Amino acid sequence: MGDGIGFWLEYLTNGKHLAWYASVQYTLIAALIGGVCALLFGLGGAALKRSSIGPLRLIGSAYTNMVRGIPDVLFFLFFPLAFEQLIELLASRSVCSAADLAANVGVWPPCPAANWLLTQTEYLILAGVSLGIVYGAFTANVISGALNAVPRGQLEAGRAFGMSNGQVFWNIHVRQMWVYALPGLSNCWLLLIKSTSLLSLLQIVDLVRWADRLGAPNFNRSAGLIHPDWRWAYYLALLAFFIVLTFISEKVFAALTRWASKGMAVGAAT
Amino acid sequence: MKRLAIAAAAAFVVLTGAAYAQTTTRIGTEGAYAPWNFVNADGKLAGFDIDVGNELCKRAGLQCEFIQTAWDTIIPNLNAGNFDIIMAGMSITDERKAAIDFTADYSPPETSSFLSAAATAFDYNALKGIKIGTQGGTIQAAYADANLKDGNTLVSFETADAALADLSAGNVDVVLADNSTNQETVASSGGALKVDGPQIPIGGGVGAGVRKADTELKTKLDTALAEAKADGTIDKLIVQWFPERGPGPYYKK
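Protein chains in written order, with my numbering: chain A, 38 to 307; chain B, 3 to 255.
Isolated chain B (complex conformation) (with noise of 0.2 Å):
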């Protein structure tokens, strides 16, 4: 009987392809958090970490494919070799690099901030009595965590849209998350909404997330970063996914 389940296992294994065998580099991505990476009017995956991580296979010779995942689980589908690069707007933290490595940033450290109905007015200074809205595992959700959780109810989302869901329906009265995908919402929202309170400095740029054994890959990225940087490549797809940041320059030396 152990045998016969072994052998129907290996047929199985057979039967649906050479599971095993890898000859592209695979990019997880989240394919929920417009302009960085979002499912586009044609079905297909766009945005910034996607026009990125093709730039960067193609300097660095890697055939890559791009693989939608859930948020939450993304760091531990990286570990047990479900893709190989983590693109999904993740930014470099402490927390994170105890797990994975990650490349160079190749977005800018930037703020975060809260997002609101254009009606509303909080006193930011002292938050008290809010419903505060975060998308689960993020660094806001940390942020709210450690530092708004006093007073305020803090409710968690699985993904971003579902948050701004939440805020346009009145269920939560602010969102916080990061200032340039705040101020892409804003601009489309025709006037619904708005960025409010302070610009909170949390989060170190937005990297590549590889195994930490996979080294050479890491190598091989970072080096087509630093290419593209230099060349201006990188800004240029800054701007045309987040006009709303200025026109920088961000990297080009």
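Extracted from the complex, chain A is given alone in its bound form (with noise of 0.2 Å):
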């Protein structure tokens, strides 16, 4: 099985490794862009809950409470391929002749023009998206409980002052917003991080899907190292890695929970 520091140096450094190393990148990005998006999609969706639109609000309450309900795994294998189906179908429109529509009932895609090939780039910005979506649903919940907390006096006050509505929204609500939403979003990103996971369910080749075919067996000789089963140590590897980032994502939220209660009375209890 070889021997020496030197052999597992050169192992651990092969090209195979190095490929798993960088797709760090993937689940790193794929987390990014879904924190983005699901801010974004909690910001939105804590909007519509409070809306003073009957309507608004039925869109905001359906929205968090179904997706919350839905588990995501299944979203995240739902949402990239109605997505992609949907463009195909709008492609189909335009770039499909009849005869081909015509001859191709039942057959997806309509016709072969109208077929979108999704890269790994494509899948993973869908992904980024899907986490968003999904989790933007829980930081919905989590905003609007926050936004829910923080004391009327506040508001009042600003509004004595002479303030305009949208200053009091933005100025106070929202700045005051921060400390009662930040333990709940801290909980909603390291849920997130977690379910970057399910990248590999999308073609990206990332860490978890380098892992398993790292540690898979190896029983022949032209694929490099013979060895028996070693993936309970790259899954031990992972492990750790995730740890990591958690522990990293928790110093972060720290930092931001002290920025947050700045100046504030309550800030000092949570």
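For the record, the hints were derived by calculation from the structure and aren't laboratory data. Check the hints yourself; a few may be wrong.
Stated by the list, open to error - In silico negatives: residues of chain B with every beta carbon more than 10 Å from chain A: (1) T25; (2) D74; (3) D147; (4) P203; (5) K222; (6) Y252.
Stated by the list, open to error - DMTMM-like, lysine to aspartate or glutamate: derived pairs with alpha carbons at most 20 Å apart: (7) K214/B / D137/A; (8) K222/B / D103/B; (9) K254/B / D53/B; (10) K196/B / D266/A; (11) K130/B / D147/B; (12) K255/B / D224/B; (13) K46/B / E47/A; (14) K238/B / D224/B; (15) K196/B / E246/B; (16) K46/B / D249/A; (17) K255/B / D237/B; (18) K130/B / D198/B.
To be verified - Calculated from the model, a selection of chain B residues having no Cβ within reach of chain A, i.e. all distances over 10 Å: (19) I77; (20) K130; (21) Q201.
What you are looking at is a predicted structure, and each value in this text was computed from that prediction instead of being measured. Quick reminder that beta carbons are idealized off the backbone N, C-alpha and C, glycines included.
With the hints as a guide, bring both chains together as one complex.
Below is the structure:
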């Protein structure tokens, strides 16, 4: 099985392993896209839920309740596929001939020209957006709750100073909301990071998929080092990686909380 | 709202590159079936399928690119247009011919065989009460389902590696796979595994799969393949990747 530190150093830095280390970028990119989308969807969802217009309120609650109830794996599989096929359907109206459409009833895509090839980049963006939609539903609830937690007196004081509704909302309501929202948002962020391990479902050769491949037993001389099932070791490395990521996230959120609590009496309590 | 969605979708397509434009010919392969196709130590696709594919593309004047894709969805993916050719150690069978077209074979028909731990012995004329592993969606899986189901437990694996891992761990008793692949596995196993029992003649050679509508591409590949067979290039690759098969000749005239 080879000996010495030199052998292992070389084995762990061969092209396959370097590709594994490089695949960290997909996890981080998906998490960042997902995080930004989740925050936007969360703010939007919270605004809808608290809207004074009935139908909008309904849309907001439907979004948070439905998406929170659907397993994220299912949503992860559903959304990119549905989006791809929607685009293909729209494209087929302009690029397919009527004869093609008639000949291909019940076949997907409607005609070869309408096929949209999803490469890793597109899948990565779609994965990030899917994560954003799923965790946006959670953040919407967190933000909505945090907005409720800001003492009414603060808002009234703002109005008493002659601030407009917009100023009261952004400078007082939203600014003070963060203190109450951050603990919940940090939960959402950690759940989102964990969900990035689903990337391999979308044909993205991410950390998890590489670990699976590298750890899989190899029984063929031409494919490199012959070894039995080593997946446990690679999965262990993944566990360590995600714990480190969690630890860093905790530090960042602690710093954000300190920023948000500045000058706030309630901040000291959280 | 609908118009906005369409505009956003269009922008997405434009931003993420000319998704509809296509200049290279894409070849789909599994990348987990050594020595046919696998990811080598450098992290690149390698193997018999890859070498044959590159050779054919060179001769046919095509610019080719290999794409790694899961085995169980490889035929639907071809038909959906996600790539143009399948080269994944795929045997030419009537069932598959119903869905796609094949070029002539670039690896001759070969037998399948049972792989088992060196210390075990089974009565292969009347297999009873054993666990038989195959990779799902293969000709061996179909064969086992049709002939070995009674009295035995069939276990289907997503990849060939997973089947071998469970064989090593004792979770299945035998694995049914291509004989050439099995021979390579045995040669690498340091005496832990053996090929046992009868050679089962299933499969009609390995060919490259193309969409039924792509007759032009099929002709190009077949012409290039006939050349590469006649001058001994394919034979050389067979001997290089499957040393256990013997020196041939296989196709050379």
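Q. Can you give the numbers of the hints that this structure goes against, from lowest to highest?
A. Violated hints: none; all satisfied.
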